[in-house]
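**Q** These protein sequence lines are chains P and F, in that order.
Sequential numbering of the first sequence, starting at 1, is according to the numbering used here.
Sequential numbering of the second sequence, starting at 478, is according to the numbering used here.
Treat the hints with care, as some may be off.
Said to hold, decoys possible - In silico DMTMM-like cross-links for lysine to aspartate or glutamate, where the CA-CA straight-line distance does not exceed 20 angstroms: (1) P:K337 with F:D520; (2) P:K284 with F:E569; (3) P:K450 with P:E416; (4) P:K442 with P:E416; (5) P:K284 with F:E525; (6) P:K164 with F:D518.
No lab work stands behind these hints: they were computed from the structure.
Quick caveat, the model's predicted, so the values are computed rather than measured.
In case you want the letters, here they are:
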Amino acid sequence: MQSLKQQWFGNIRGDILSGLVVALALIPEAIAFSIIAGVDPMVGLYASFTMAVTIAFAGGRPGMISAATGAMALVMMPLIRDYGLEYLFAATLLTGVIQIIFGVLKIAKLMKFIPNAVMIGFVNSLAILIFMAQVPHFIGISTMTYVFVGITLVLVYTLPRFIKVIPAPLIAIVALTIVAIFSGINLRTIGDLGTITQTLPTFMIPDVPFNLETFKIIFPFSISLAIVGLVESLLTAQIVDDMTGTESNKNQEARGQGIANIVTGFFGGMAGCAMIGQSVINVKSGGRGRLSTLIAGVFLMFLILVLGDLVVKIPMPVLVGIMIMVCIGTFDWTSFKYLVKAPRTDAIVMLTTVVIVVLTHDLSKGVIAGVILSAMFFVVKISSVKITEENNHYLVSGQLFFASTDSFVDYFKYNEIKSNSIQIDFSNSRIWDDSGVGALVKVEDLLKEKGIQVEVVGLDASSKKIISKLEGVSSSH
Amino acid sequence: MYKHILLAADGSENAVRAAKEVIEIATCVNDSIVEVVYVVDFDKSKSEVLHTSSSEARNLERRKKLSKIEQLLKESNVSYKVTFLHGAPGPEIVKYANDQKVELVVIGSRGLNGLQEMVLGSVSHKVMKRVNCPALIVK
Numbered sequence: 001m002q003s004l005k006q007q008w009f010g011n012i013r014g015d016i017l018s019g020l021v022v023a024l025a026l027i028p029e030a031i032a033f034s035i036i037a038g039v040d041p042m043v044g045l046y047a048s049f050t051m052a053v054t055i056a057f058a059g060g061r062p063g064m065i066s067a068a069t070g071a072m073a074l075v076m077m078p079l080i081r082d083y084g085l086e087y088l089f090a091a092t093l094l095t096g097v098i099q100i101i102f103g104v105l106k107i108a109k110l111m112k113f114i115p116n117a118v119m120i121g122f123v124n125s126l127a128i129l130i131f132m133a134q135v136p137h138f139i140g141i142s143t144m145t146y147v148f149v150g151i152t153l154v155l156v157y158t159l160p161r162f163i164k165v166i167p168a169p170l171i172a173i174v175a176l177t178i179v180a181i182f183s184g185i186n187l188r189t190i191g192d193l194g195t196i197t198q199t200l201p202t203f204m205i206p207d208v209p210f211n212l213e214t215f216k217i218i219f220p221f222s223i224s225l226a227i228v229g230l231v232e233s234l235l236t237a238q239i240v241d242d243m244t245g246t247e248s249n250k251n252q253e254a255r256g257q258g259i260a261n262i263v264t265g266f267f268g269g270m271a272g273c274a275m276i277g278q279s280v281i282n283v284k285s286g287g288r289g290r291l292s293t294l295i296a297g298v299f300l301m302f303l304i305l306v307l308g309d310l311v312v313k314i315p316m317p318v319l320v321g322i323m324i325m326v327c328i329g330t331f332d333w334t335s336f337k338y339l340v341k342a343p344r345t346d347a348i349v350m351l352t353t354v355v356i357v358v359l360t361h362d363l364s365k366g367v368i369a370g371v372i373l374s375a376m377f378f379v380v381k382i383s384s385v386k387i388t389e390e391n392n393h394y395l396v397s398g399q400l401f402f403a404s405t406d407s408f409v410d411y412f413k414y415n416e417i418k419s420n421s422i423q424i425d426f427s428n429s430r431i432w433d434d435s436g437v438g439a440l441v442k443v444e445d446l447l448k449e450k451g452i453q454v455e456v457v458g459l460d461a462s463s464k465k466i467i468s469k470l471e472g473v474s475s476s477h
Numbered sequence: 478m479y480k481h482i483l484l485a486a487d488g489s490e491n492a493v494r495a496a497k498e499v500i501e502i503a504t505c506v507n508d509s510i511v512e513v514v515y516v517v518d519f520d521k522s523k524s525e526v527l528h529t530s531s532s533e534a535r536n537l538e539r540r541k542k543l544s545k546i547e548q549l550l551k552e553s554n555v556s557y558k559v560t561f562l563h564g565a566p567g568p569e570i571v572k573y574a575n576d577q578k579v580e581l582v583v584i585g586s587r588g589l590n591g592l593q594e595m596v597l598g599s600v601s602h603k604v605m606k607r608v609n610c611p612a613l614i615v616k
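One chain only, chain P, in its complex shape:
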């Protein structure tokens, strides 16, 4: 891995330029995610500022962008609806604490246990939910709303072909906001949904009673936020690793996410995490180092301080159009091919993850359900033991452990064995635990009763070891 100096100043020019680009691309998303969460745009903007700045120092993946995200906004929405903003800040603090604990416990290793099917389900359900959150802002409002959404989409997809330096969403926002103001077309604006205050965030302690009651309210949300934040952050880190052909410290990233969320909670922001889309934009724009993330956060805050008055004039349909683009970019479009080609169990896991997230609006529930389901499929798959017979030579194929002993024992219990001397061959198998040894002993006893001589062959070293460990038991028959 690179030295710290290299991580900060190894790519100054590229990092500054890409940081500016990302700041511009972040503003509409931070506002849109605030609206999804049901808070003032400032909460998302402050979060994006503090997340990006803190993670620039504390993160484990240089060049990755963290800010207010849709995945987190969806989880926190019911908390804000039922208990209000101060509880969100408290939950954000607790999320940070949990993430630091996860980081210290080296949670990144556990990420390996989240199968691909679940991760694909994660991004797809995220895209679906962000899209669903846009629907109330453009369906059945006015014809001009549809027109502006449509024009925005056309602009964001065609402009990048001609103008590469300035992000297309920004051009679309500026151009269409001007059109909307001067044409006098009646469109809802961001100002109708919240206010922008042109001040820096200030340190404050969440105004909640510090007691068990509060803890009980925020803990379930904080746990979900911590899981969702780490899943998306570590996925994003892998993508940035792959794009740049470099490695990163995932446990440091997990701790960094925790620190950033604590800072964010103290400065009036909503819990955030790494963003796939923005990180990809950053790398594509030439960003590689920590400096790019810092610049993105600082420049975003600067823009809000200077241009806050204008931000409230952005028409909602333009923001909706940009968010639809974000959904299209988030969705994994190869999933359809995957559903056809992948093993059936993987396809079921992916769909289950999506369905549970869409029903509960909580990505962490989908991830947990997906992991459990795929673990069950895995156990079923490896717990079947196949036995093939040839000339009184019984070849065992598969793993012999607590979940697979039944099929092994049943075979010898119910199949008729004609010879009075057989061989059981374990060269395609392995005995994992005392249940496996017990099953072998049971079969030996069973066959002995029938007057059949058994010879066990082909045991590998580790199987022999576990049998000898339990020698006392196996020699007692």
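We have chain P; now place chain F onto it with these hints.
**A** Positioned in the frame of chain P, the structure of chain F alone reads:
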């Protein structure tokens, strides 16, 4: 003559045909080296990360795409090395070829993605326009 030849490969049939031409040229020159360059496309990273279980598996997948070309080069006793670049295929090949002062760039006329070519123009076209050395586009 061409001692340092860059062969742009993307796992397509055209790249294999290009490899055959490279062999024709390289076998005529003593101590020439062929550099097989594969660009890991920025736009595919997300989907490839989602669909593989580890970076080792991804590297193996990418390496497999070059196996046919590597085999051809080996059979013809051409000395070669494989280089992976990260970025947008066209510009990345051009940058690398110019930085490394490669003497000849060989590339298939069209790659895997027909639709993208219609919209954005082909990688081979971009490379041919901007590379500083001679370029051979193989049909």
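**Q** Look at each hint and say if it fits the structure.
**A** Now for the hints, and whether the structure bears them out:
| no. | hint | in the structure |
| --- | --- | --- |
| 1 | P:K337 with F:D520 | 18 angstroms, holds |
| 2 | P:K284 with F:E569 | 12 angstroms, holds |
| 3 | P:K450 with P:E416 | 11 angstroms, holds |
| 4 | P:K442 with P:E416 | 17 angstroms, holds |
| 5 | P:K284 with F:E525 | 17 angstroms, holds |
| 6 | P:K164 with F:D518 | 18 angstroms, holds |
Comparing the model with each earlier hint shows no violations; every hint is respected.
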